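**Student:** Sequence:
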Amino acid sequence: MLGEVEEAFEFLYWMGEYRRLAHSWDNGSIIFWLVNPRTYFRVSKGLRPGTAQFISAAAVVGSSGQCTPEPWSTYLFGLAVLTFATAVNIWGNRILGRWTNLALWWSLLCAVIVSIVLLSMSEKTDARFVFTSFDNQTGWSDGMAWMLGLLQPALSLIGFDATLHMTEDMLSPSQDAPLAMLYAIVIGGITGLAFILVMLFCLVDFDTVVSSPSGMPLIELILQATKSQAAACIISSMLAACFVNAMVAGMASVSRLVYAMARDKGMPYHEFFGRVDTKLGVPVRALLFVYCFNLLFGLLYLGPAVAFNAYIASCTIFLNISYALPIIVLLLRGRRILATFQTADTPWQLGKHRGLILNWISVLYVSVATVFFCFPPSLPATGNYMNYVSAVIGIFLILFVTHWTLYGKKFEGPQFDFIMGLRLAMEIEEGQEDADLEKTTGQE
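Going by this note's numbering, the sequence shown opens with residue 253, and the numbers climb by one from there.
Hints in this document: simulated from the structure, not taken from any laboratory.
Since the structure is predicted, the reported quantities are computational estimates derived from the model, not experimental observations.
Worth double-checking, as some hints may not be accurate.
Claimed, not checked - Label-pair restraints from in silico Cβ distances:
1) Gly344 - Asp378: 29 to 37 Å
2) Leu360 - Tyr617: 24 to 32 Å
3) Thr320 - Leu431: 12 to 20 Å
4) Ser385 - Leu434: 29 to 37 Å
Where is the CB? At the ideal position from N, CA and C, for every residue including glycine.
All chains should be modelled from the sequences, with the hints used to inform the complete structure.
**Tutor:** Put into structure tokens, the structure is as follows:
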């Protein structure tokens with residue numbers, strides 16, 4: 253559905269549509285600032301400790317449990333990866349496309365290798381355990397536990413919007429961006445489901461795996477299967493490389509988002525950050541802004557685990573809301589606005605009735621999921637196991653409202669004449685006017 257919208261208008265158009273819709277209400281451009289969680293959480297989501305956790309797990313396994321990584325060392329590992337990813341984006345822009353293509357194949361290769369290792373060397377559970385067993389130790393009802401369990405897969409599948417941030421770097425964004433978004437979900441869904449099934453069939457000693465001293469159940473699962481510390485360390489390092497590649501691509505995407513926000517005067521010091529380096533051809537200042545923002549937000553990892561987990565859950569909620577907002581605008585303005593920019597040859601169109609049904613399903617899913625993701629993961633809820641997502645959301649809403657109060661009126665929106673869909677429509681309209689003028693002149 254987002255692909256259908258992007259094909260017609262591209263990402264920047266909807267930034268203007270939020271504000272245009274808001275002008276029909278009393279709140280003015282505040283609607284745009286309700287979209288800003290996408291920007292800030294996409295920025296601050298970069299320093300995920302995935303790479304550092306896999307490296308730390310390899311150290312624990314390689315030392316037979318003698319090495320005990322501290323949160324500060326994990327943070328420094330993550331900071332090193334962040335620095336590397338920033339450097340690649342600044343000085344390696346020419347190879348970025350080939351890098352991301354290689355990263356895709358590397359991720360698929362790692363999934364295949366781990367699956368083969370587990371299936372060939374591990375003891376197996378049975379199909380009944382995999383498909384019918386339901387172990388609920390949360391204190392909630394089974395249905396509620398299932399809904400709360402959607403948070404992790406929801407976090408795994410978000411991020412396909414990163415394609416939209418790179419449309420200005422594409423030669424044919426209206427064709428390629430929706431296709432890339434679709435591929436991200438299809439490939440991620442298929443490989444993710446297959447990988448989960450492999451792990452479940454090899455999950456013989458559940459208690460040992462979830463209480464692994466390495467802190468990474470997957471690495472413990474590989475260690476049990478191979479009975480080899482060296483093999484577990486090598487595979488752990490391979491998986492860590494996947495997160496390095498993800499960081500490189502993530503920095504590219506987020507920096508373009510920050511640059512676009514600054515260029516449209518949607519953030520403080522927009523004159524400084526809304527520039528592209530003429531020699532390197534990349535928004536260096538936006539990249540450094542993302543780097544510093546991640547460096548500071550990564551400090552949450554040094555604090556209580558409940559605070560960091562609340563932050564991660566907030567990322568999922570805000571990003572899901574940001575996905576729903578273009579669809580909500582489409583429903584409020586009517587799907588007929590898509591018809592102006594679609595022809596019979598347009599590849600990405602859902603149709604009037606089917607599109608309307610799918611749009612409503614998407615909005616309802618985000619609405620329901622957002623509520624459930626704010627519940628504590630288990631009962632009884634205590635201070636150490638409480639879900640503080642609602643508190644995080646409240647804090648950021650205060651920041652957003654303050655930000656809008658200071659800078660919201662300065663936001664000008666995208667330059668529509670640079671947007672392919674609108675430019676094409678204007679060219680068609682101008683061509684029709686010229687034809688009518690020539691016809692009138694000929695009759696005279």
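**Student:** Does the Cβ distance between Thr320 and Leu431 fall inside 12 to 20 Å?
**Tutor:** Hint violated: Cβ distance 46 Å, outside 12 to 20 Å.
**Student:** 29 to 37 Å was suggested as the range; check whether the CB atoms of Gly344 and Asp378 agree with it.
**Tutor:** Since the Cβ atoms of Gly344 and Asp378 sit about 48 Å apart, the hinted range of 29 to 37 Å is violated.
**Student:** Range hint 29 to 37 Å: satisfied by the CB atoms of Ser385 and Leu434?
**Tutor:** holds (33 Å)
**Student:** Mind checking the hinted window 24 to 32 Å against the Cβ distance between Leu360 and Tyr617?
**Tutor:** holds (28 Å)
The structure fails to meet hints 1, 3 from the earlier list, while all remaining hints are met.
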